[in-house]
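Since chain A is already given, all that's left is putting chain B on it; use the hints.
Now for the letters of each chain:
There are 2 protein chains.
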Amino acid sequence: MTVPAMLLSLNHVANRDAAYLETIFALSNGHFGLRAGDPFTPSATAGTIINGLYETTPIQYGESAFGYATHHQTTPLLPDLRQIELTTTTGTTFKTQTLVDKTLDLETGQLSETWRVSDGHHQLLVTLASVVSQQEQTSASLVYTIQSVDFTGELTINKSLTAPAQQADSDDPRQSRQVQTLTTTTEHPDGNTIAMSIRTEHSDQSIDLQLQADTGLTTHVTMNPGATFTYQVVAQVSQINTVMPAVSATNIAIEEDAKAYWHEFWNSSDVTIEANPELNRAIHYNLFQLAASAGRDGRTNIPAKGLSGTGYEGHYFWDTEMYMLPFFTYTNPAIAKQLLQYRHSILPQAKQRARTLGVDHGALFAWRTINGEEASAYYPAGTAQYHIDGDIAYAVDRYYNITGDHEFMVTTGLELMIETARFWQDFGNWSQINGKRQFGFYDVTGPDEYTAIVNNNYYTNRLAKFNLQRAAELVTEFADQATVLGVKADEADQWHQTADSVYLPYSEERQINEQDDSAFQKPVWPFETTPKQNYPLLLHYHPLNIYRYQVNKQADTLLADYLFMDLPHAQLKREYAYYEAITTHDSSLSRSIFSVLAAQLNDTKKATDYFMDTAQMDLVDLQGNASDGLHVANLGGSWLSIATGFGGIQFKDQCLHIDNHLPTAWPALTIRFCYRGRLLAVRYTHESTDVALIKGEPVELMVNGKRQQITTAERSSH
Amino acid sequence: MTVPAMLLSLNHVANRDAAYLETIFALSNGHFGLRAGDPFTPSATAGTIINGLYETTPIQYGESAFGYATHHQTTPLLPDLRQIELTTTTGTTFKTQTLVDKTLDLETGQLSETWRVSDGHHQLLVTLASVVSQQEQTSASLVYTIQSVDFTGELTINKSLTAPAQQADSDDPRQSRQVQTLTTTTEHPDGNTIAMSIRTEHSDQSIDLQLQADTGLTTHVTMNPGATFTYQVVAQVSQINTVMPAVSATNIAIEEDAKAYWHEFWNSSDVTIEANPELNRAIHYNLFQLAASAGRDGRTNIPAKGLSGTGYEGHYFWDTEMYMLPFFTYTNPAIAKQLLQYRHSILPQAKQRARTLGVDHGALFAWRTINGEEASAYYPAGTAQYHIDGDIAYAVDRYYNITGDHEFMVTTGLELMIETARFWQDFGNWSQINGKRQFGFYDVTGPDEYTAIVNNNYYTNRLAKFNLQRAAELVTEFADQATVLGVKADEADQWHQTADSVYLPYSEERQINEQDDSAFQKPVWPFETTPKQNYPLLLHYHPLNIYRYQVNKQADTLLADYLFMDLPHAQLKREYAYYEAITTHDSSLSRSIFSVLAAQLNDTKKATDYFMDTAQMDLVDLQGNASDGLHVANLGGSWLSIATGFGGIQFKDQCLHIDNHLPTAWPALTIRFCYRGRLLAVRYTHESTDVALIKGEPVELMVNGKRQQITTAERSSH
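First to last, the sequence lines map onto chains A and B.
The first sequence begins at 1 in our numbering and counts up one residue at a time.
The second sequence begins at 1001 in our numbering and counts up one residue at a time.
It cannot be assumed that every hint is accurate.
As the list claims (entries may be wrong) - Ranges between beta-carbon positions, derived for each pair:
#1 A:D490 to B:R1510: 29 to 35 angstroms
#2 B:N1015 to A:D490: 50 to 56 angstroms
#3 B:N1015 to A:A165: 54 to 60 angstroms
#4 B:D1360 to A:K706: 55 to 61 angstroms
#5 A:A163 to B:D1169: 46 to 52 angstroms
Stated by the list, open to error - The calculated DSS-like cross-link candidates involving lysine-lysine, where the alpha carbons are at most 30 angstroms apart (straight line), are:
#6 A:K488 to A:K605
#7 B:K1351 to A:K532
#8 A:K532 to A:K488
#9 A:K573 to A:K532
#10 B:K1532 to B:K1488
#11 B:K1351 to B:K1488
#12 B:K1436 to A:K436
#13 A:K488 to A:K606
#14 A:K351 to B:K1488
No lab work stands behind these hints, which were simulated from the structure alone.
On a predicted model such as this, the values are computed, not experimentally measured, just so you know.
Glycine included, C-beta positions come from ideal geometry on N, C-alpha and C.
Here chain A stands alone, though its shape is the one from the complex:
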């Protein structure tokens, strides 16, 4: 592993906009995140973000209706733990003059930043080394090194905790809303410590923040030009509703904790794109931030923006299962399991939601949520995206296939499969379609949010079919547990029969799967007369305007094609061409899938072009809103592009497949991942596909279409 690819600096990022940098260099550990704000300049967007902490406020509707989501759940932005105040005895304060450097070390998890600060007369150079603990997950080490450039005299260093200033609420649905109902109490148990307790008024959650400075919260130090003083702070962030442990870790211990964690992480997760330092850095950055975003406790999940920003209010979406879980399933199955455990924990709310939607059996997961209740205030692109049930079922099945974790299925997975299958069975309906009795789903919205409230969305139907089929198979495989869960024999039979008859729209004329019953009837969006600045369309056109045209925000039918990978090559090629022409990629979830499928179609140019955009999405600020937080699903998507696309890693027909689709321009690619208890490393070159068994028992794989027993470093000719 070359060191440069593991260091991200200012010259690798899109711009120096303060809020953008706060996101890009944010540090997190699945429990909390620190946005990387300027510590000398309080910012309304810098602060601390806690995974799973939310405040509720009633949703105001212009016109309400039965069964609408009742409450927003909003993750608040908490005080910025990194703020520091440097003042002189004459009362002047040092403020940032220049940001000299920011460097994130992806091997150690340490962020090193340097600012030149000035009080108008003299200058200091301040370096801050920040690390968040990864194993115990409640600490951060903040080490400030203050060097006088030309200042002589007494310097007062002061640490305090202040809530970020409130911003105005935005109309952009991708941003967050402000939380006004936090109550805060602050204590100073001793001169070295400040402790803040924060409580959400309506959801009744609490969190404790604490700062401990080794030389005192207020420290006076005499400086001369060239002199250096090191000021060490340990920050602590309690678990939600949990009292802070009395003893805090040391700065060194936190650094060691993180270093060890990331070492282990890269050992099982590393991806190396050889001879391409820029892309190699980007993919490492993505995996680092993706891993840092995931809740690891079974009670939390992965917010759409991770813990790097409060965009989308800190909510969990289907993004987890479809875009992020594959990475964890293949590299850190323990985390994948916890993420699915979270879904299991909200099954009661999901069952209730199904009832509210008039479905008497099974569970319907909330489209966006933290606490399990639906928080989407716009059902056409929220609750109507029933496919989330199929996405979760698919993720359960994938987890089981890749890990072979039988115990998980018994305790968690099977019930998720059953309750989602029950939902589809009860939600859908039989009717005569094309002369056959078929099973369909009406008034649904697929992944593509530029097409809403349609009948028989191909993706939805395909996932429902899969869900019913797999649930039926799994209740046979786990017959005892199925009985415990109340599944009757005829119930599984019914799922089998229904699955066989789920209707899948297909256009005879175009010889491709059709996005929904009426997709091809509508005119194509007038792309040629749409000005570039009118993208994303959702910010410039009324939903009814967008919906009445053929235009996709993201992969929809193609997403199903990627998941099931069972289309004849020629049809996939037609389908890809058709849908690509009507897709805006206004969603960050789009390009990765187009990259994967292009790789499968051996269209190297498209595959790498889409991958470039995917891999560097936030580093070049492709979507223009990275300041609100990272596009974490896309971080996972970039791994999909590499692993499933170029690396051809996919479980199919009860076997793991590895297919070499290495782009022409890349000399070699190495991917590490786990499969049923083994750790494997695959090195792809244009000559060969080498599968190394790093750890574990020998295993049989399909490599480039040939069955192969992997016993140690195996070599397969290409």
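Chain B only, in chain A's frame:
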């Protein structure tokens, strides 16, 4: 005309609930309405309602999007002008003990009410005679007759003006919201007068209310058992943004004004159902309240609840054109003209709205509005109901056909036809449907609000086809004016061609018109397992739940069948049977149409059953929410049931048709109406159809299928 049918008393109404009675006995004159509250008990729902007065407040969306309606427009409930305070020198106050009587005289417009009031010791009988002026429209006469039952001593009478107490906002979309931003100033220019000026803070409208009591606002009178004192008050309500005239009318003048107006009204509008006093009273009541609800100044329209309640916030909907205008067009064309003039006055806002929806030409009228801007906060059952454009065009054409008002077409009607036609032309799209190049409309909602966001709603397409066709014909007929309005020859040609190719969904299997492209694919709503208390469905089921089934809130395809009346009898019969089985009539707009069509199908039983419900909807509180205001569209619907249904009055093939569909149970029916400057009276019996020319030149009509010259009282054998 028998007198009993013209008197509505307490024993003719559903119950004695205070808010219900406030609605039923409300008096209005197109400009303002007085809810008939208990004058001794301030009520949060009693007060004064001004047509066209509204306050704006920003619409709060849980999740907003481009082009959403930005502001609520809410008609506030203003002070109750009828309140009076009766106190004794010992400080006791007389409060209602018993409501003795309420009688509304439909011939004079006078409401007479009697209460027995008590101060806990003694009793008075108080009678209030209320009349609102109909010609100058800004005054009301309130005459209180106070008789002592057993009270001896000095009685203090006091009149003041107090704003109604605020109620909590409701989640029922049919109710109103509260207005909190009125500023009020009150003056007492002299001891007899109280003047209140009310201003809406955001919409910047003003209205002045004034009370003048002949004996002083505070009057002391010595009472003995049996003694009577008459206290006369003239109330005045200014026009919006207009200063009150200095001199007010006298009580007598107001009574005379109303009496003369209603005399003239019944002369041109009377409907008599013979030998059926109850129904006869109901229809008279309906026409009285309908006439009292209509704005007559070209700047206002007919709120969904008239001026009898603030339900639906005082908004104007398509109800006007489709349900209420027919009555005015046939009986009071001057009012019909003013109502269409209102639409013309908001054309600029409608053009702007079309642009916001991505349609470059023409106008799209707001689904619900007062000031012309869209105020619907739920576009799937608001803005998506594009058919309002066709409804307005249809109403223009009907007005022109029935009145022959050439001048109106030049100044107003033609432009409405053109701008709506332009909208359809630009909004729709060509595609191959059933092997033909046809013109369709995607993602629309028809009249039936239990089915939303569908493709090619039959009703919408049918109206669009009509609109394009008639616009093309009328620009030929009014060629000069069309040129002034910028219509090019090829534009009209295009409308012709498009109209010819508008796609109309038809089910070959069922041999009936299909509500939309996917209507019959969906399962039928599980009516058999739906408890009675779960109606109206909209209050008990999520929209997605309702939408995914075949279930109609109201006539949809059948409404088109009624408008165009061109289906073969057998098909109409099939269509009626099919849609009737899936219609809940949860909308008050439904039953009248089912009655009309049943009459046309000679199904007398259904026609009269639906008519009974229609005619007495508010008098029996069929919908359960008359307390929020009258269902004014249904008032118009009851006239449609009679005139178009039983009376067969309809303009078709360039001629007015009269067809006798008199129900078996009725011995005779007489309908008065105007046609091209004539006043006609048609008496239907089971033996004959007699058309009398009351006023005007001879005219040719089709009576029971035969062309007939009406010169004087004509008799046509049945």
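Verification of the hints:
no., hint, in the structure
1, A:D490 to B:R1510: 29 to 35 angstroms, "holds (34 angstroms)"
2, B:N1015 to A:D490: 50 to 56 angstroms, "holds (51 angstroms)"
3, B:N1015 to A:A165: 54 to 60 angstroms, "holds (56 angstroms)"
4, B:D1360 to A:K706: 55 to 61 angstroms, "holds (59 angstroms)"
5, A:A163 to B:D1169: 46 to 52 angstroms, "violated (32 angstroms)"
6, A:K488 to A:K605, "violated (51 angstroms)"
7, B:K1351 to A:K532, "holds (25 angstroms)"
8, A:K532 to A:K488, "violated (56 angstroms)"
9, A:K573 to A:K532, "holds (27 angstroms)"
10, B:K1532 to B:K1488, "violated (56 angstroms)"
11, B:K1351 to B:K1488, "holds (19 angstroms)"
12, B:K1436 to A:K436, "holds (25 angstroms)"
13, A:K488 to A:K606, "violated (48 angstroms)"
14, A:K351 to B:K1488, "violated (60 angstroms)"
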